[in-house]
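Protein sequence lines correspond, in order, to chains X and A. Note that this note's numbering gives residue 158 to position 158 of the first sequence, counting from 1, and the numbers run on in steps of one. Note that this note's numbering gives residue 179 to position 179 of the second sequence, counting from 1, and the numbers run on in steps of one.
What the hints contain is simulated information worked out from the structure, not anything from laboratory work. Remember, predicted model here, so these are calculated numbers, not experimental data. All C-beta atoms in this analysis are idealised placements derived from N, C-alpha and C, irrespective of residue type, glycine included. Careful, some of the hints might be misleading.
Claimed, not checked - Using 30 Å as the maximum straight-line C-alpha spacing, the simulated BS3-like pairs for lysine-lysine come out as follows:
id	chain 1	residue 1	chain 2	residue 2
1	A	K39	X	K114
2	A	K184	A	K55
3	A	K39	A	K26
4	A	K55	X	K161
5	X	K81	A	K39
6	X	K161	A	K225
7	X	K81	A	K26
8	A	K26	X	K114
9	A	K2	A	K22
10	X	K161	X	K81
11	A	K55	X	K114
12	X	K114	A	K220
13	A	K55	A	K220
14	A	K26	A	K2
15	X	K81	X	K114
16	A	K184	X	K114
As the list claims (entries may be wrong) - Derived Cβ-Cβ restraints for the label pairs, each shown as a range:
id	chain 1	residue 1	chain 2	residue 2	range
17	A	T62	X	D138	50 to 60 Å
18	X	H85	A	G198	23 to 33 Å
19	A	R83	X	H85	29 to 39 Å
20	A	G135	X	R162	41 to 51 Å
21	X	L127	A	K276	54 to 64 Å
22	X	Y197	A	R232	48 to 58 Å
23	X	C142	A	A297	36 to 46 Å
24	A	R83	X	T129	26 to 36 Å
25	A	A297	X	M181	31 to 41 Å
Claimed, not checked - Covered stretches of chain X, as calculated for chain A (at least 3 residues, CB under 8 Å):
id	stretch
26	61-73
27	80-88
28	91-99
29	106-117
30	142-156
31	173-187
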Amino acid sequence: MDELNGFPVSRRELLGGGAAAAAATAAPMSAEAAEGAVNAQAPTMPCSFEVNGQQRDLDLDPRTTLLDALREHLHLTGTKKGCDHGQCGACTVIVNGQRINACLSLAVQHTGDKITTIEGLGQPGNLHTMQAAFIKHDGYQCGYCTPGQICSAVAVLDEIKRGVPSHVQTDIAAAAQFTNMELRERMSGNICRCGAYSNIAEAVAEVAGGVA
Amino acid sequence: MKAFTYERAKTPLDAAKAVAAKEGAKFLAGGTNLLDLMKLEIETPVHLVDVQDLKLNQIEATDDGGLRIGAFVTNTALASDERVRRDYGVLTRAIVAGASGQLRNKATTAGNLLQRTRCPYFYDTNMPCNKRKPGSGCAAIGGVTRQLGVIGTSSACVATYPGDMAVALRVLDATVETVDPQGKTRAIPIADFHRLWGDKPHIETTLLPGELITAVTLPKPIGGKHFYHKVRDRASYAFALVSVAAVIQQDGSGRVAFGGVAPKPWRVEAAEASMKQGAKAVAAKVFAGAKPAKDNAFKITLAERTLAGILAEARG
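Looking at chain X on its own, in the form it has when it is part of the complex:
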């Protein structure tokens, strides 16, 4: 039958052969070869910072983002990788008291810094008030953006306290107050695909002692 069809090859063999052919084509620039070349060019660098109160000393490829250092090297996987381009806020951590996108920062830029991740804010049985408020107000559905939302929210309340201005202030020279509009503006760098925004706003408002 195979001879009649002139196709003496099974689908699996065909796919296998295809993959082998593709691999052969790609061979001159295989991942391993590229990796070798890259490693020769970019040796690792020492990098030391404090994470959640603990001194951490790493030896990293300079390309490693702060986000990947936290997740892949320190196994602090609470901080999430969403877009990896600073657009979604899932990777928000607090560095020297200020929230930043960990994905748009190299780990080596942070030598000497003090970093707080969601794991450092609170732990099971010892929750940060913001974590407890998110649970109480159901401030999430899938939960993927939640660590970033919580780190951001904690920092936002501090920013309002420190008088950092925002786009929605009528008088830019005056001190900001906590309002729902202020919160929405200041949290605009944290995207929630499930759309839990109104519950997030209620949670943060409760911690702020204001009205959402």
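Given the structure of chain X, go ahead and fit chain A onto it with the hints provided.
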């Protein structure tokens, strides 16, 4: 991301020398734009010179009553400074109209000036782009142009300078201070800092190779009411379709610059003489010679109406 080596310079001159010494080296400040572009391999520096230890993070008064803003001052620190909020409100307003809280905490004054366009064809490495790959062509011309430029563009590139802060700096007549690898310093008026790139859209500023921005200075305050109105597709955290920075005096005279419309913050000083006649008269002069595409011709009307709103508010 392509491999690179990394160092932290100790002085501005050392940083300038380090970048000049190695072909393909770049300064690294906050990294919020550069690292994004490196991940996409649109930027492929072989060496990064981190400028965070150069002590360029102070805002200080100048002898002539203005302010000197260190290149490494973050957007948040600059927008929060009491003197800036009181005397240069347009600058605080412009900064807080841009990006997100997280990004403003990391982004710096110099880095913000150097941020690259958000033209979707520049970001899409499958498309020709004269800015990304000189000589490859421009896919934006004849493409989707809603976000793109309407004036000052060229047949090689129709992208815009995307930022907000520089539009306010243009209205305030700021100056960009630099040091070059030989230790020579110079002061570049903000009007001359961003180029009308013509047939070389990959060269966006008048900085020379290895030249490092050390500060941005503001002349003494000019009073007036300060406005920065930004129109965009979302209420927050989006680039401008059109933005208008203006300082309007009590007698109705004033200064105005436009963002989101050109390769640089767009200010036509001669048009400001018409301020008392209203937005239509100003916009007619500001946008004389504009070459909009079908999808972005609305920007000219939008700019005029946004300025009209500001002038009404200033009178109110």
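Status of each hint after checking the structure:
1. K39(A) with K114(X): Given pair K39(A), K114(X) holds - Cα atoms ~25 Å apart, limit 30 Å.
2. K184(A) with K55(A): 19 Å, holds
3. K39(A) with K26(A): 15 Å, holds
4. K55(A) with K161(X): Roughly 27 Å between the alpha carbons, so the hint for K55(A) and K161(X) holds.
5. K81(X) with K39(A): 14 Å, holds
6. K161(X) with K225(A): Holds, because 26 Å separates the two Cα atoms, which is no more than 30 Å.
7. K81(X) with K26(A): 26 Å, holds
8. K26(A) with K114(X): 26 Å, holds
9. K2(A) with K22(A): 16 Å, holds
10. K161(X) with K81(X): 29 Å, holds
11. K55(A) with K114(X): 19 Å, holds
12. K114(X) with K220(A): 37 Å, violated
13. K55(A) with K220(A): It holds: about 24 Å lies between the C-alpha atoms, which stays within 30 Å.
14. K26(A) with K2(A): 14 Å, holds
15. K81(X) with K114(X): 20 Å, holds
16. K184(A) with K114(X): 36 Å, violated
17. T62(A) with D138(X): 50 to 60 Å: Distance hint for T62(A), D138(X) holds at roughly 53 Å.
18. H85(X) with G198(A): 23 to 33 Å: 30 Å, holds
19. R83(A) with H85(X): 29 to 39 Å: 34 Å, holds
20. G135(A) with R162(X): 41 to 51 Å: 49 Å, holds
21. L127(X) with K276(A): 54 to 64 Å: 60 Å, holds
22. Y197(X) with R232(A): 48 to 58 Å: 19 Å Cβ-Cβ, so the 48 to 58 Å window is violated.
23. C142(X) with A297(A): 36 to 46 Å: 42 Å, holds
24. R83(A) with T129(X): 26 to 36 Å: 35 Å, holds
25. A297(A) with M181(X): 31 to 41 Å: 33 Å, holds
26. 61-73: holds (count 4)
27. 80-88: Coverage by chain A holds for the stretch 80-88 of chain X (3 residues, Cβ < 8 Å).
28. 91-99: Holds, because 3 residues of the stretch 91-99 of chain X bring their Cβ atoms closer than 8 Å to Cβ atoms of chain A.
29. 106-117: holds (count 3)
30. 142-156: Coverage by chain A holds here, the residue count being 3 at a Cβ distance below 8 Å.
31. 173-187: It holds, with 5 qualifying residues against the three required.
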